[in-house]
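*Asks:* Residue numbers (my numbering), protein chains in the order written: chain B, 3 to 372; chain Z, 3 to 372.
Errors might be hidden in some of the hints.
Copies of the same chain are indistinguishable here, so a pair counts whether it falls within one copy or spans any two.
Derived pair list, reagent style DMTMM-like, types lysine to aspartate or glutamate, alpha-carbon separation capped at 25 Å [unchecked claim]: (1) K340 to E147; (2) K21 to D294; (3) K284 to E94; (4) K225 to E160; (5) K243 to D197; (6) K284 to E104.
Simulated from the structure, these hints should not be mistaken for lab results.
Predicted model, so just to flag it, every value in this text is computed and none were measured.
2 protein chains.
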Amino acid sequence: MRLSNIKQNNKETTKMDIKYELVEKRKEKPDENNLGFGNYFTDHMFIMDYTEGKGWHDARIVPYGPLSIDPAMMVLHYAQETFEGLKAYRNEKGEILLFRPEMNAKRMINSNKRICMPGVPEDMFVEAVEKLVKCEKDWVPAKEETSLYIRPFVFASESSVGVHPAKTYKFIIILSPVGAYYPEGVNPVKIWVEDEYVRAVKGGTGFTKCGGNYAASIAAQVKAEENGYTQVLWLDGVHRKYVEEVGTMNAMFVIDGKVVTAALDGSVLPGVTRDSIIHILKDWGMEVEERDLSIDELMDAARSGKLTEAFGTGTAAVISPIGELCYKGEAVEINGFKTGELTQKLYDTLTGIQWGKIEDKFGWTRKIDL
Amino acid sequence: MRLSNIKQNNKETTKMDIKYELVEKRKEKPDENNLGFGNYFTDHMFIMDYTEGKGWHDARIVPYGPLSIDPAMMVLHYAQETFEGLKAYRNEKGEILLFRPEMNAKRMINSNKRICMPGVPEDMFVEAVEKLVKCEKDWVPAKEETSLYIRPFVFASESSVGVHPAKTYKFIIILSPVGAYYPEGVNPVKIWVEDEYVRAVKGGTGFTKCGGNYAASIAAQVKAEENGYTQVLWLDGVHRKYVEEVGTMNAMFVIDGKVVTAALDGSVLPGVTRDSIIHILKDWGMEVEERDLSIDELMDAARSGKLTEAFGTGTAAVISPIGELCYKGEAVEINGFKTGELTQKLYDTLTGIQWGKIEDKFGWTRKIDL
């Protein structure tokens, strides 16, 4: 790949030479009323290869379709793989907005470093996302609360049965138009506090979006569902005591009028939604505590009514209110199992910014140059 | 797949209906003097599919070659994947022996359960290995200390961007003729005691051979190599104190004439070589302690000379003697950086059994019916 460095807005920007191989006939678009999540993929995908000593090369946008993978390819054996998740939103003017894609780019660099994979430079990541979404612009749905889910991922493509950092990788982006996460509006969920399985431990990979974290998490999710709960609340792996995340989201708790969430100290994912919510709360003059929160303190606060609201934050659902916690057989209800006022206001504000309905005073949205 | 249950040796055995699609012309075999590890793959592979509600089906032996994988296939994103490693050995009569394949089958069932994947029944696993090795019998090398490495693996083959147990999986076996792990004989290695990165924690996946464990381990391995060491010694993730494994092997320490190794309590891999070594040691009347061993006790024992030998155990290397430990900047030598007498005797005994040179009083080897 030829790269030309151009100056733009006083920032060094890498302009990629992306080759296009486009489909002759585009697929029919699905009904925007029944998109669901991840049921449809668009006409094209972005692919770029990495070779040790050569760096990233051969950026291309090609028809979406199967990859040819050697059965000894390391990703199938040693899970050297990371991913990201973000969305493109269509505003009322028909423009397409990205939400803080540079945050995903930076996080993937950190994820890849931990898993000993090369990072995709931030500018290349964002440009690849923009160019692919531009190519697939007709796939960004217009119906309220729908969006185009963007899934960038990197994996080890070397064929080898020895455990070592691979010498070759692939960076791929695929796109899927998705429906409203809550077709019937935001409603609270029941959460199972998990005390058997552990998601992450300091010194491990909890702060990354590596595949292994997700494979390891499924057993607890299945167990929660078997017990009639929607998601799990993870406790830390050392003391089995401090609250970390809820399912695949960050967790926030409104206690005595302050918002408490786990600090980013190695075992918690640095969520883009988490960061945005904290900024909005502080902008509103609210106090946010990023600190250790023990399950005992949390259950006490729930019993005494000091815990007035609780919610998960993540790209897919944005905000997911928590209506009940069950820990060691004791279930406590939060806010009468109703979505709290602050929770709803945060949801409305953040989705308002994302879909371009309200002013973006933080400069988070990024309009795609169509 | 049609299955017929037949009685054999008073044990219910599942006989698979394996379909064969064989190559027209077999590849040329590589030079047995320069096999290395994982550089060559044989002519065929075994594949079997799993579909929710239908179970395992379509067992087949087909030409080794690339798989067609959808870019949304879950294994590339959420690492729902496990593997095993075992070997086929050619004895002096030209027969082919497997070593305790049922142990690998059982372990994969346990690994898959933790990662919420269906297990491959033990009989099917062993039969698949036997039939594929039989099909590739000319690939089992004859030169001393060479073998045919067998790599069974299972992965989630459903295409989905949602995190959940997949509805479809693939079980594949590939084979690679491999050279002597130590072409110049067994020699001690230098070990870096890792106190920053963590491999596993109770409640996690340490006892499984899931891909995520290996992806997470690479950073420490790279760090050890940068510091001039060959492998890492892992400490437990909770106290950062108790010795767990060495690299991708189990670790054993001869202290005051007793052999000490970490107990199998969730964060340590139940190695087949580990189990075999323990049986041999006990058969010799030696005391084996499976218990917590703190790095402080180990370093004290090394300094005082009570630690007379140390070694890693695993399928690839069988036994890997440890000549030096470095912990927090202090390096201690073990047995004058020479392979200990017990270490060598264990290596000779176990490899003697594996290659059919000495009597297999434990009934571990399994001759393939050619």
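*Asks:* Determine for every hint whether it applies to the structure shown.
*Replies:* Hints, verified against the model:
In this assembly of identical chains, the alpha carbons of K340 and E147 lie at most 25 Å apart only when taken from the same copy (21 Å versus 68 Å across copies). Within a single copy, K21 and D294 get their C-alpha atoms no closer than 48 Å, and across copies no closer than 57 Å, so neither meets the 25 Å cut-off. In the homo-oligomer, the alpha carbons of K284 and E94 never lie at most 25 Å apart, since the shortest distance is 28 Å inside one protomer and 76 Å across protomers. In this assembly of identical chains, K225 and E160 lie within 25 Å of each other by CA distance solely across copies; the values are 21 Å between and 35 Å within a copy.
In the homo-oligomer, the alpha carbons of K243 and D197 lie at most 25 Å apart both inside one protomer (9 Å) and across protomers (23 Å), since each shortest distance falls under that limit. Taking the closest pair of Cα atoms, K284 and E104 come within 25 Å of each other only inside a single copy of the chain (21 Å); across copies the shortest separation is 59 Å, beyond that limit.
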